[in-house]
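Each chain, written out:
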Amino acid sequence: MDPLSIFRLFVVIAAAVAAVFLGVGLSTRRQREYSPASGLRTAFFFSLSGILVTFLGVTLPRMPYPSDGEIPDRVIHVVGKQFAFAISENPIETDAQWEEIASFAPPVEIPAGRLIEFRVTSFDVNHGFSLYAPSGRLVAQTQAMPGYLNRLRVRLDEPGRYTILCLEFCGSAHHRMRGVIFVR
Amino acid sequence: MARSSRLNVMRLGALWATLLIGSSLWAFAGEESVKSLPNEGRYLYRPVPDIPLRDVEGRPLWLSSLWKERPVLLTLIFTRCSGICSPLLRSLKSAVEVVGGLGSDYHIVVLSFDPRDTLSDMRELADHLELSGKRGWIFAVAAPEDIARVVKATGFWFVREESSQQYDHPAMVIGIREGRLLRFLVGGTVAPVRLNEVVRELRGEFVPAYPLPRPGKVIFRCAQYDPESGRWRPDWGFLLLLLPGVLTLFGTVWIFHRGRFFRDEGGPGEGNTRVS
Amino acid sequence: MITDRALPASGWEVDRQRWERLTALWMIVMLALFPILLGLGAFMRIVQSHLLPTLLPEWFYAVMTLHGLGMVGTWFVGGMAAVSYIVARYVRPRPVISHIAFWATLLGVVLLLVTTLLGKFGVGWYFLYPLPFYPAGVWPTWATWTFLLALAVLGVGWTIWAVDLLYAIAQRYSLRVALGWPYIRSGTGPEIPPALPIVTVSLISALSGFLAAVIILVLSVLEWAGTGFSNDALLMKNLIFFFGHVLVNITMYLGVVLVYELLPHYAQRPWKMSRLVAIAWNTVLFLVLFAYAHHLYMDFVQPQWLQVLGQVSSYFISVPAAVVTIFSTLVLVFGAPMQWTLSSLLLYLGVMGWAIGGVAAVIDSTIAVNVRFHNTLWVPAHFHTYYLMGVVLMLLGFAAHFGREASKQPENGRLAKVIVTLLVIGGYGFLMMFYLGGAQSVPRRYAVYPDEVQQGVTYAQVSLAFIALLTTGVLLYLWETGRRYWHALRAST
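Order-wise, the sequence lines are chains A, B and C.
Positions in the first sequence are counted from 1; adding 52 to them yields this note's numbering.
Positions in the second sequence are counted from 1; adding 5 to them yields this note's numbering.
Positions in the third sequence are counted from 1; adding 44 to them yields this note's numbering.
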């Protein structure tokens, strides 16, 4: 489900909607008998419902919530705090550890193509943990919520430098809050 | 609450975080040494080396043959232990009785890291604990170099004390599934609740998120994670979330009930027809 | 004409003039706030275009907070005022309550201006807990208190307003009639305007949203006042998004009421109450309570059943909108002897914007897609479509209609077409830049775009051209409509 394809699909549908509205608008040039078009409405109802049900069926199994069974190859701990991410292979439990890791720790390296589990939380406000691939594509994201631990399981296939951008508004330096990991 | 004291409490709270996520750090009198207790976070999902063992009947078997069948709870002890080992095993035994699933969901491997321990020593230990022949319990020994590999991979350690001829070591129960370290418990007392968590993960159940302790008393949560059942129980916060809808429903009914004094009662239908 | 039973008189019967003056007042406030808030929005895009490199980013976020809350509030009160006027034809709300709401709104606006522009309070319009309590050295404590006070003032004023309007309905119609239930059962019933069930549904939903806001405020104050309690971030997030989602949806529905009431007048065809309308809006009443969960998909902490419920309800709430309202709009207009005026054009195009925004919203409410779109520019793209090209056009359409009726001035057809063209091209062009940004995963709510998403800057720069067109259209509209209000005011004194 590549965002650009979805965007193109959206543009097509939006253009179709606009075309219909334009067409109906132009139709007022010639007056016609009012018709409730109930047959057409019924058809519209069934086709719309059918499309929605189909999409539900296709997309619900693809939810990003990991399910039972799989064992990840690696765990990476992430803690967000105004305004940096501390990313480490070891658990981050105190503010002092966060400070040290966020400021001084070298970027974590993870193997490409393996199942990685990110354990994400926050020490202050809601942040958003996101992974942008070297190509600029947003690969995955989860929220960093204080008092909770979110577990995001993802496979990073593209090797290179991944950027983590904060994706939940968290204050005046929200746009500068970032992290880096390397995939080899 | 002042910022600094909040931070201090947060630090304390974060330290408690590992309780829910991983190892239970239980304090127990005197038995543990000053050396640091292993932190589960460092070893999560790491592969455990496959080593050859010999069980009390002298049968050789590979550790992997066990974890291929079903997950393994591994504990490392030595029979001449005058300290933590017996209490640990007894505690594990009673916790297992409470939690269940032994033999069907997992095996327990009691492995000696002491090169002096022989098969008959292990058999004696098993008898002593009334676990001989019990389904799911496997008492075994292995070669020192193999023990060393396992020890290295799991965070366990042992140090010989010449004066007492004893080994100093942490009490650990290590959960292994498909050859990977999934969880471990550290401490001489195995609480059934903690064991339950480990067993659930061994079974392959996934918990998507955990609540971590927060500074100050959290007044309303949506749900409480109950480690015993492994389920989320709705808490007062959930009711609070339902409150707006429920109150609105009652409020609306009340508003319309009061309004009836102005509406015309009787007649063909309320909301009398009107031409405006 | 009047039945022989003693019925409560409607607002129009009792004092139509007063209602007209009141509505005119509200419309003037709405039309005055609009360009200011639009300017604030333009300011945001200017900052994102890198045209003000020395500006402190905290100003961006303070303006963002004011713009968001201001717009949400302005169109809500505009919608309530317009709908109150329409509904006063059938029932009798109390004008004094509208005045209370008016002053509460003004006071709330002043407090918001103070906290954002003086205090630099920048938490975003839905003030996600616990951000108001973590200023990171930007805003002082008094700004947080002022903000909470502003919300309380607005909340009290608007809740009283909603309750009064609902009570006015209750004084004439029973709940089952107000919700159109007889029509569900038998396809017919007491003659009620289709606006009635929509308004009833909207008010009931609004009340639940306001109650959630009360809970949020109480819990926030409990914590902030230093009682030692802290709140559960997940619970607060659920409450806040429930409140916010319901409030903006209600605003949309209030705009839709105007379409149901006014468009038939221009199409010279009736839009009657029917079983479809009743079923559609009762479905909405139910589903709108659960759809809010689509804001929490990326909180893996949420129970999975609630996530799925969020997607299912978000998907299916589009059905009554599309199959009943939007389809009926098209059927109403098709081949009708339509009077295309500024008003009817705007109302009609507002429905189109609602439809397009709905498509984008349904797309984003798909969990598997949301992974890529959550908190990117796709989010402001779709809600600006709903608002700017949806409910805003509907309300501008009403304001134009009302102004024309009040001033009895003739329509300037050519100017109307120019205005509409500028609004549509400017508006959709502006939106397209957001959609493109979202498709490329550019994050939302960024004062400055980092290198990885530099295309965000380009899109912001291009959007400025469209904003210029849009603003021209808005100013022409304000001129055209404003002079009618001026005329009407002069004529009444």
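Be careful, since some hints might not be right.
[Said to hold, decoys possible] In silico lysine to aspartate or glutamate, DMTMM-like type, Cα no more than 20 angstroms apart, as pairs: (1) B/K73 to A/D125; (2) B/K73 to B/D60; (3) B/K139 to B/D126; (4) B/K73 to B/D110; (5) B/K157 to A/E141; (6) C/K316 to A/E85; (7) B/K157 to A/D125; (8) B/K139 to B/E129; (9) B/K73 to A/E141; (10) B/K73 to B/E183; (11) B/K73 to B/D55.
[Said to hold, decoys possible] Sample of chain C residues facing chain B (criterion: CB under 7 angstroms; computed from the structure): (12) V73; (13) L210; (14) A214; (15) L219; (16) I248; (17) L251; (18) S252; (19) L255; (20) T327; (21) F330; (22) V492; (23) P494; (24) E496; (25) S536.
It should be emphasised that the hints constitute simulated quantities derived from the structure, not laboratory data.
All residues carry an ideal CB built from backbone N, CA and C; glycine is no exception.
Status of each hint after checking the structure:
no.	hint	verdict
1	B/K73 to A/D125	holds, 18 angstroms
2	B/K73 to B/D60	holds, 17 angstroms
3	B/K139 to B/D126	holds, 17 angstroms
4	B/K73 to B/D110	holds, 12 angstroms
5	B/K157 to A/E141	holds, 17 angstroms
6	C/K316 to A/E85	holds, 17 angstroms
7	B/K157 to A/D125	holds, 18 angstroms
8	B/K139 to B/E129	holds, 14 angstroms
9	B/K73 to A/E141	violated, 28 angstroms
10	B/K73 to B/E183	holds, 6 angstroms
11	B/K73 to B/D55	holds, 11 angstroms
12	V73	violated, 27 angstroms
13	L210	holds, 6 angstroms
14	A214	holds, 3 angstroms
15	L219	holds, 4 angstroms
16	I248	holds, 5 angstroms
17	L251	holds, 5 angstroms
18	S252	holds, 4 angstroms
19	L255	holds, 4 angstroms
20	T327	violated, 16 angstroms
21	F330	violated, 10 angstroms
22	V492	violated, 28 angstroms
23	P494	violated, 28 angstroms
24	E496	violated, 28 angstroms
25	S536	violated, 23 angstroms
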